[in-house]
Amino acid sequence: MTRRAPAGATEALRAALSAEYAAVYAYGPIGVHLTGANRSAARAAEAAHRNRRDALVLQLSADGEVPADRAGYALPFPVSDGPSALRLAVGIEERTAGFWRAALAHTEGADRNRALAALTDCALRATRWRRAAGVTPLTVPFPGRPA
Amino acid sequence: MVLTCPVATTERDETIGHSRRNVLRAGTLLVLGGATAPLAGCDLFDRGDDPPPAPDPLEPLVAGALDLAGRHRAAIAADPGLADRLTPIAEAHEAHAAELRRVIGRTPPTASPAASASAPAGSEPLAALRRAEQQGRQVAAQACAAAPAERAALLGSITAARATHVEVLA
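Residue numbers (this note's numbering), protein chains in the order written: chain A, 459 to 605; chain B, 159 to 328.
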């Protein structure tokens with residue numbers, strides 16, 4: 459009773475996991491359409507999302523049921539070339555940032571610090587993808603906040 | 159009580175100084191007591207309103223955000239060529255300050271326009287800004303970790319934004 463575990467922590471982390479699943483999926487078509495340094499960055503981003511995903515699966519499996527990954531995810535627009543791949547990369551990082559930001563209010567302690575690190579990483583990658591795509595401004599005032 | 163003891167002894171020469179010190183000590187206590195009483199209660203100078211509220215823990219962050227905004231504005235003034243790069247960052251800090259104030263629910267008395275902020279020192283203005291952003295990121299992250307649930311998301315966004323500023327200034 460006295461334990462102040464914030465309400466909805468598990469739900470928030472499950473939602474973050476579903477976002478990480480989608481991000482890992484999206485970086486498949488993204489990476490295919492990029493070359494050189496951008497492709498390397500896409501691979502690194504995909505690996506980072508896999509790491510978050512694996513950590514969440516591990517953590518949530520201790521509490522109960524872990525949401526399953528899906529076979530596929532509907533992309534918001536067709537990815538057919540470099541510019542569309544970069545646009546999707548920006549969008550994926552912004553979207554995932556939103557889930558981690560939402561988790562902040564439902565977590566505390568180490569969980570909140572992890573959520574903050576994830577939010578920050580997503581925001582940083584979104585900024586780098588904007589730079590790669592030639593989008594300005596490179597930053598947004600409130601990363602992860604719903605538009 | 160303490161005062162009566164030395165006076166009652168026979169060794170007067172030895173104890174007078176002693177008792178004086180005690181008198182002085184007691185007087186000091188009385189003065190202190192007199193000074194604190196009006197603060198606790200109401201006197202002529204008290205308007206009878208509620209006591210001033212304790213400062214909100216977010217108020218230093220408002221000042222910090224305005225300071226960062228001022229640093230970027232000053233750097234732009236010193237080198238207008240940086241305007242495209244730094245203006246969105248200055249605006250972000252101003253938006254952070256406004257949002258923090260809204261969350262606090264009142265305008266902090268220390269809030270002042272950012273014009274007083276000094277220009278980044280040295281020949282490396284961007285490096286100085288980067289250091290300031292890095293420091294600001296740590297302050298915001300600590301505030302996020304300590305914040306109640308309803309403030310955590312805002313402070314998380316501010317932390318992440320400052321991290322992206324460091325990235326842009328690199």
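Hints in this document: simulated from the structure, not taken from any laboratory.
Treat the hints loosely; a few may be bogus.
[As the list claims (entries may be wrong)] Pairwise CB distance ranges (calculated):
#  : chain 1 : residue 1 : chain 2 : residue 2 : range
1  : A       : V515      : B       : A235      : 26 to 32 Å
2  : B       : A304      : A       : F535      : 38 to 44 Å
3  : A       : V593      : B       : L284      : 41 to 47 Å
4  : A       : A575      : B       : L284      : 24 to 30 Å
5  : B       : A328      : A       : T468      : 22 to 28 Å
6  : A       : A505      : B       : D208      : 39 to 45 Å
7  : B       : A256      : A       : G466      : 35 to 41 Å
8  : B       : G239      : A       : G466      : 21 to 27 Å
9  : B       : D208      : A       : R508      : 31 to 37 Å
10 : A       : R497      : B       : Q292      : 56 to 62 Å
[Claimed, not checked] Cβ-to-Cβ under 7 Å is the rule here; a few derived chain A residues that face chain B:
#  : residue
11 : P487
12 : G489
13 : T493
14 : N496
15 : R497
16 : S498
17 : A499
18 : Y531
19 : A575
20 : L577
21 : L582
22 : L596
23 : G602
24 : R603
[To be verified] Covered stretches of chain B (in silico footprint by chain A; criterion: 3 or more residues with CB under 8 Å from a CB of chain A, positions within the stretch not fixed):
#  : segment
25 : 212–225
26 : 282–292
Even for Gly, the Cβ is constructed at its ideal location relative to N, Cα and C.
Minimum beta-carbon distance criterion (7 Å), S498(A) to chain B: With a closest approach of 17 Å, the S498(A) hint is violated.
CB-CB spacing for D208(B) and A505(A) relative to the 39 to 45 Å hint: Check failed, 55 Å falls outside 39 to 45 Å.
Restraint outcome when L577(A) is required to lie within 7 Å of chain B by C-beta distance: holds, 5 Å
When the least beta-carbon distance from L596(A) to chain B is tested against 7 Å, hint result: holds, 5 Å
A499(A) as chain B interface residue, shortest Cβ-Cβ below 7 Å: violated, 13 Å
G466(A) and G239(B) - C-beta distance against the hinted 21 to 27 Å: violated, 48 Å
Assessment of proposed distance window 31 to 37 Å (beta carbons of D208(B), R508(A)): Hint violated: Cβ distance 54 Å, outside 31 to 37 Å.
Satisfaction of the hinted span 41 to 47 Å by the C-beta atoms belonging to V593(A) and L284(B): violated, 21 Å
Hint check, N496(A) versus chain B [nearest Cβ-Cβ separation less than 7 Å]: violated, 16 Å
Interface restraint verdict for G602(A) against chain B (beta-carbon cut-off 7 Å): holds, 6 Å
Distance restraint evaluation - A304(B), F535(A), Cβ atoms, bounds 38 to 44 Å: holds, 40 Å
Per-residue hint verdict: T493(A), partner chain B, C-beta under 7 Å: Violated: closest Cβ of chain B sits about 22 Å from T493(A), beyond 7 Å.
When the structure is compared with the earlier hints, violations turn up for hints 1, 3, 5, 6, 7, 8, 9, 10, 11, 12, 13, 14, 15, 16, 17, 18, 19, 25, 26 and for no others.
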